[in-house]
Structure formats: structure tokens, C-alpha cells
Amino acid sequence: MFGETLHCGELIKRLNDALGRKANNTLMCDDVTLSQIKVLATISEAADETITLKELEKHFEVKQATMAGIAARLEKKGMIEGFYDSNDKRIKHVKLTAKGEEICKTARASMDENERELLKTLNDDEKGQLRNLLQKVYDSIKSC
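Using the working numbering, the first residue of the sequence shown is number 1, and each one after it goes up by one.
For the record, the hints were derived by calculation from the structure and aren't laboratory data. Just so it is clear, the structure is predicted and the values come from calculations on it, not from any experiment. Some hints could be false.
Unchecked claim - Straight-line C-alpha distance at most 30 Å; calculated DSSO-like pairs for lysine-lysine:
#, residue 1, residue 2
1, Lys120, Lys13
2, Lys77, Lys38
3, Lys142, Lys38
4, Lys63, Lys13
5, Lys22, Lys127
6, Lys58, Lys13
7, Lys63, Lys22
8, Lys22, Lys120
9, Lys54, Lys105
Unchecked claim - DEER-style ranges, computed between Cβ atoms:
#, residue 1, residue 2, range
10, Phe60, Thr97, 13 to 23 Å
11, Asn123, Thr97, 36 to 46 Å
12, Ala47, Arg90, 14 to 24 Å
13, Glu81, Gly9, 36 to 46 Å
14, Gly78, Asn123, 41 to 51 Å
15, Cys8, Thr97, 37 to 47 Å
16, Leu19, Ser140, 19 to 29 Å
In this text, a Cβ means the ideal position worked out from N, Cα and C, and glycines have one as well.
Take the sequences, apply the hints, and build the full model.
Following this line, the structure appears as C-alpha cells:
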């Protein structure tokens with residue numbers, strides 16, 4: 001815009017914003033947001049495909065109320081089922097429903113296609129280098 005080269009942080013932010021918009025537009029057809037699909041995917045990858053809300057809070061580094069709200073909306077949409085621990089009624093578990101599993105499959109296919117589109121101008125070595133460099137930068141900033 002002003003003839004300046006963008007800083008790496010600004011490029012990463014713009015990429016993240018663009019990818020988020022694209023993902024949310026795609027997911028809108030399934031009545032699910034990017035945040036919600038991330039929760040569904042995490043549940044699907046959990047042991048026995050069940051996880052506690054507390055574990056989700058820690059994984060996503062969000063407050064209890066935030067995760068409870070996401071879970072409530074997913075439950076209302078019929079994508080997850082919630083149930084309480086038989087030994088401790090304070091602990092709520094969630095698991096995917098058949099509808100949630102189907103949404104996960106569709107979203108994964110869409111995310112894979114978006115990744116292919118994003119990286120289509122890179123060869124395999126460049127893709128690996130980019131992934132490694134981004135991971136290295138993320139790991140260094142995560143520890144701050």
C-alpha cells in the first residue's frame with residue numbers, strides 16, 4: 001500500500017484472518033463456526049471420543065464460561081451429547097453425535113482442500129520448510 005514490506009507478524013495476521021474468513025464462510029453451510037469445528041475435531045481425536053469440558057478449557061486456554069457456551073451451542077445443534085461423570089457429578093463429559101461426526105468429516109475435507117490451495121505454489125521441500133519454520137516461531141513465542 002505504501003511501498004513498505006510487511007513485517008512477518010503482519011503477514012501471519014493477514015493470513016490467519018483470511019483463512020478464518022474462508023473457513024467460516026465454508027462452515028456456515030453446516031451451521032458451525034471455526035471455533036466450534038475445532039472443538040468437534042478435538043473431541044473426535046480424544047480417547048474413546050469423549051472428553052471433559054475441563055480438558056477442553058485447558059486445551060484451548062479459555063475460561064469455563066466460554067467453553068460451556070460453545071458446548072451448549074453444539075449440544076443444541078445436536079452435534080455433541082453431554083453427560084456427567086458417574087463418580088463426580090461436577091465433571092461434565094462430551095462426545096460427538098452421528099451429526100457431529102459427519103460435520104467433522106466434511107470440515108476436515110474442506111480444511112485439507114484449503115491447505116492444498118494455500119500451499120499450491122510451494123514444492124514439497126518448501127512446504128516442509130514453511131511448516132518447520134512456523135512451528136519453530138510458534139514454539140518460541142508460546143514459551144513467553
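Going through the hints against the structure:
| no. | hint | result |
| --- | --- | --- |
| 1 | Lys120 - Lys13 | holds (20 Å) |
| 2 | Lys77 - Lys38 | holds (15 Å) |
| 3 | Lys142 - Lys38 | holds (19 Å) |
| 4 | Lys63 - Lys13 | holds (24 Å) |
| 5 | Lys22 - Lys127 | holds (21 Å) |
| 6 | Lys58 - Lys13 | holds (24 Å) |
| 7 | Lys63 - Lys22 | holds (26 Å) |
| 8 | Lys22 - Lys120 | holds (16 Å) |
| 9 | Lys54 - Lys105 | holds (25 Å) |
| 10 | Phe60 - Thr97: 13 to 23 Å | holds (20 Å) |
| 11 | Asn123 - Thr97: 36 to 46 Å | holds (41 Å) |
| 12 | Ala47 - Arg90: 14 to 24 Å | holds (21 Å) |
| 13 | Glu81 - Gly9: 36 to 46 Å | holds (40 Å) |
| 14 | Gly78 - Asn123: 41 to 51 Å | holds (43 Å) |
| 15 | Cys8 - Thr97: 37 to 47 Å | holds (41 Å) |
| 16 | Leu19 - Ser140: 19 to 29 Å | holds (22 Å) |
Checked against the numbered hints given earlier, the structure satisfies every one of them.
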